[in-house]
Amino acid sequence: MNIAIPGQPSPVQGLAPVAKPTRGQISIKNVTKIYDPEGVNVMAVDDCSMEIAAGEVCMIVGPSGCGKTTLLNAIAGFHSITSGEIRLDGELLCGPGKPKADQGADRIVVFQHGALFPWKTLAENVAYGPMVQGKLSKKDALEKAHFKLAEAGLGDFGGKYPGEVSSGMARRAEIVRALINDPAVLLLDEPYRAMDALTKSIMHESLLEVYDRTKVTIFFITHDLDEAIFLGDKVYVVTTRPCRLKKTVEVKLPRPRNFEMLSSEEFRVLVSEINEAVHEEAIKAFQSGEREMA
Amino acid sequence: MATTTVTTNEVPQRRVAPTGLALAWHRFKKSLRSPTPYLTVFGIFLWFFTYWLLCEGLQLPRFVKIPGPVTIISEWFSTNPSQGISIFTPEYYHHIAVSCRRIAIAFFLATAIGVPLGLLMGWSRAFHDYTFPILETLRPIPILAWVPLAILMFQGYETPVIFLATLASLFVTTLNTMLGVQSIDEAYFRAAGCLGSSKWDVFKHVVVPGALPYIFTGLQISIGVAWFSLVAAEMVSGDYGLGYLILSSYVNGVTVPMVIGMLTLGFVGWFTSVLVRMIGDRLMQWHVRALALQGR
Amino acid sequence: MQKAVEMSRSEGHAAGADLQSRVLLEGVSKSYGEEWERQDVIVDLTAEITPGELTVIVGPSGCGKTTLVNLIAGFETPDKGRILLNGEPVTGPGHDRMVVFQETALIPWQTTYENVVFGPKLRGDLSGKELQDEAERLLNKVGLREFMHKYPLQLSGGMQRRAELARALINQPKLMIMDEPFRGLDAMSRGLMQEFFLRLFEENRRTNLFVTSEIDEAIFLADRLILLANRPSFVRKVIDVKLPRPRHYSMLSSPEAYAYKREAMAILHEEAMKNFKSTATSKDFIDAYSKRAD
Amino acid sequence: MAKVLGNSEFWRGLFALIMFVLLWEIGSRWKEMFGYSLPYVGLLPAPSEVAVAWTKVLPKWGYWESWYMSFKRVLAGFLAAMLIGIPFGLMLAVNKYFRDIFFPPFEVLRPIPPLAWVPASLIFWPTNEMSIAFVTFLGAFFTIVINVIGGARSIDVRYLRAAQSMGASQWDLFSKIILPGTLPSIFTGAAVGMGITWEVVLAAEMISGGGTQGSGGLGFFIWNSYMGGSLPQIVVGMISIGIAGYLSSSLIRIIGARFMPWRRLF
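Protein chains in written order, with our numbering: chain A, -18 to 275; chain B, 265 to 560; chain C, 851 to 1144; chain D, 38 to 303.
Bound conformation, chain A alone (with noise of 0.2 Å):
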């Protein structure tokens, strides 16, 4: 998967000059779960495999319910694996004698429906994460978090609590609430579901912004092709329930990455790669969810 844009820079050329990222490489080896509820075996992810260079954007395509959300759950400490092993920087994090991943502030992940703090307002819920690891004091904090809002633009909502604000406002200050901590690795779990596909492309704009900003490494989860491509530097296609690779695309679009590009030719020609293979699992998940209910 290569295409030749004539006339646009190359990708590497089109980068901000942003250090190389050293920080933040995943590697994924055979890793299987089993889930064993009352000795029913439910296989979530079977034998999956990926390397996820340091500031990557590495996105996993599949149908709602297929067991992406179990590989995340994996990384970040949540759930534990069957077998196989996931590596960050070389270091093990779960594998052979470790099931299970400690959680910590390195890999910080991104909710489906949001997971600020109703009970903080959006200051305080920035400023949680250095406050609780004692790195900086409570005052020093919120001074910290009200700077790193007002960078993302909503220096005017520090105050407000996050069920004041509209739910995209929530999930980018969920992402400042992230970064704060300078992890290597963000997790997003299909932050961008419920939106509608407006919203969704502002959303887009400002995590790309974020991203060509910090160069952190995102694992990001959807169902959604075009955020896939538009996003990622890497796509996987998954099967449907278990897991598994179907489909590795290289995405070659230049980075700084604007809306304009999700009408453009290449764009176009990569989502029609892409697409027949997304519809098959869709088709598939769709009727053994027929069978399910039946």
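Since the hints were made in silico from the structure, they are not lab data.
Remember, it's a predicted structure, so these values are computed and weren't measured experimentally.
Among the hints, erroneous ones may be present.
[What the hints assert, rightly or not] List of simulated lysine-lysine pairs, BS3-like, C-alpha gap at most 30 Å: (1) B:K293 - C:K930; (2) D:K133 - B:K294; (3) B:K468 - A:K129; (4) A:K141 - B:K468; (5) C:K930 - A:K265; (6) A:K81 - A:K233; (7) A:K119 - B:K293; (8) A:K125 - B:K468; (9) A:K120 - A:K141; (10) A:K101 - C:K1124; (11) C:K1124 - A:K129.
Following the hints, put chains B, C and D in place on chain A, whose structure we already have.
Leaving out everything else, chains B, C and D in the frame of chain A:
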């Protein structure tokens, strides 16, 4: 629109939003255009009139035993009440004060025990498994059934009454607090874990504030239940208090103080529950503001 | 799903005259709120829903699309202007216009079958055997025959949407109004639902108004595309989509579709950004953006 | 069943209950064992004494008659509250004028605890039985009405609109949408109301002194045991009422599940 004069049928694009009293006045004026206030006044008048007609106007056979509205009001506000209780007699306030003191102690005790207990039950699986069955076994026994036992176990007038009111609110508070903790979305615990919280941080920043809305719903129910049991306990055993006032008036054959006691009880009960709600709203600005935006 | 699609195709093309109705919106305006915070939702909107065509209205969320649906369906009345259905002004709700609601509004205490026969049974249009046959035919068509005695909450999201379609179709409406019907479904089942819906429409070309905020969905379905401006909304642009019918999902990544997409996206992105930019620091921002229904 | 036995929650609960009874036994027999009595707990009758007292009353007709009397009163008050409360609540929810007229007086009377009505109703009604029925009725009535109003007003407006556009008349809207849509809250209200009804019946039986022996009931059974100074029998009465209350709320839950098949999912 070049003209500066504003004609009556031309509403300016955006006026300054009125606040406070002006807003209330605007709402009031607007409501006068709908039938609601008239119907409400009519409803209350109708109720009073029916009450008066039955008891005092027509003096129907059984109704005549019940004091009518005119009798009650003239007695309630009389400087020299013929049946002993009015807003000018210190005894009236003594009854209120005694009941309120009992409620305050019982409610404080129940909250101080119930909230930590509920938080623990919601947070720790093992603690829940060991304590919840006992709670569930004791809960179906009506509080009133404890009365004789309470009188025998705790001598005197005061302690049994407070014990019963405490017990009643304790069940409600504990249960609601526990449900509150259980209702917290798993994602918040995970997010806290991701951000590097210790167990104590999770407790302080997630468990307690997350359970707060349920806790206050519970407290509001619990204060109602406390009044309910207090009245019963005071009726059965007591020397003072509104419940005692009602029953002793009945025993002594004076009906007006009985009704005054009922109405006062209703008002004080309502007032305490409003108080609890106000404290809750104070503590949970995030909850209140989010609900307000949703238009609720 | 595939099976159901095949079935509906074999039903043949029964085009009746009552399917060809025309809706005219003439200078429609609607606003809400107390006089000092009056918000114009729709201002002087003039548009036509042409007979036998699938007209799609696209706009950013919160732009007043649902208000427009409520006006056409007759749940609310416009402050100014008028709405004509085949020359007759719309005065209230009626079974000549069927609305398929956002997120589905199947009545939870009735089984799928009871939901479908609800309308005709109320009016006594069809009776006994006839009604049962018709309901079963439609349920078969949407692939829900075996689920007809289940309650809506026992069905998956996609099934609920199809049941709702059947409930609307049995009333033989002159106009179908779809108010973001596939919102809340994941991108993959959404794609399948769109295809399914197109088959149903192409079968007899009943005049249809489809409201959405997804550009892809709009282009894929539409004969005519009406782009709405953000609050207050009026018609920004009308685009005739000349993709051939019957349509196939792969057409979405065709160059023609992308040309339409580019055109529509430029306008809509601008409208969506209005929420963010014009008022980025003022209090209006919160009013306009955070108050809207997410 | 195998699932329950293999469950640690079940065993922990059982262990806790056994420990609870054991500690209670030891606490109340402290004096026999150690020569001095524990405060408060020492005054309680031991579980074993309660069990013995229970086996003594079980074959007696009077004990079962108490059950019968209490159940009869609860049922009478409760049914009356349902029969009057549900239509009244629905009227309040559906008709704006009706609500404007009748809701304010209702709200004024609601905060008065039901037991405060006992003396007044003893004066008003000619027989004890009628006054107990009246107070139990009041106890459940307010709860049910409030629940019905809340339930009817929280029905999703889209259901009403969908039905309206399919040509539903006012009556159709009421009978096909509002009534079934309110059922869940009606049953919630009924469950809470049932709990209050038991409390009130008990209190009324205790306060009115039960009159003659025949008009007793479980509340009187307890009061009688108290007057007779039989502590174990008080506890027997308490447990009996606990069981009775539990049985009646289970009954409501079962009936609720029957009436609302759509809530019995998966």
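Agreement of B:K293 and C:K930 with the hint, judged by alpha carbon distance not exceeding 30 Å | At roughly 26 Å apart (the allowed maximum being 30 Å), C:K930 and B:K293 satisfy the hint.
Take the C-alpha atoms of C:K930 and A:K265, compute the straight-line distance between them, and say whether it is at most 30 Å.
-> violated, 50 Å
Hinted pair A:K141 and B:K468, Cα distance within 30 Å | holds, 21 Å
Taken at face value, is the distance from the CA of A:K129 to the CA of B:K468 at most 30 Å?
-> Distance of about 25 Å is within 30 Å: holds.
For the pair supplied as a hint, A:K125 and B:K468, is the alpha-carbon distance within the 30 Å limit?
-> holds, 22 Å
Hint consistency between A:K119 and B:K293 [alpha-carbon to alpha-carbon, up to 30 Å] | Not satisfied, since the Cα-Cα distance of roughly 49 Å exceeds 30 Å.
Does C:K1124 pair with A:K129 here, judged by a C-alpha cut-off of 30 Å?
-> holds, 24 Å
Taking 30 Å as the top limit, are the C-alpha atoms of D:K133 and B:K294 close enough?
-> holds, 17 Å
Given hint A:K233 paired with A:K81 - CA-CA distance at most 30 Å | Violated: A:K81 and A:K233 sit about 35 Å apart, past 30 Å.
Hint consistency between A:K101 and C:K1124 [alpha-carbon to alpha-carbon, up to 30 Å] | holds, 29 Å
Are A:K120 and A:K141 close enough, with their CA atoms no more than 30 Å apart?
-> It holds: about 18 Å lies between the C-alpha atoms, which stays within 30 Å.
Checked against the numbered hints given earlier, this structure breaks hints 5, 6 and 7; the rest are met.
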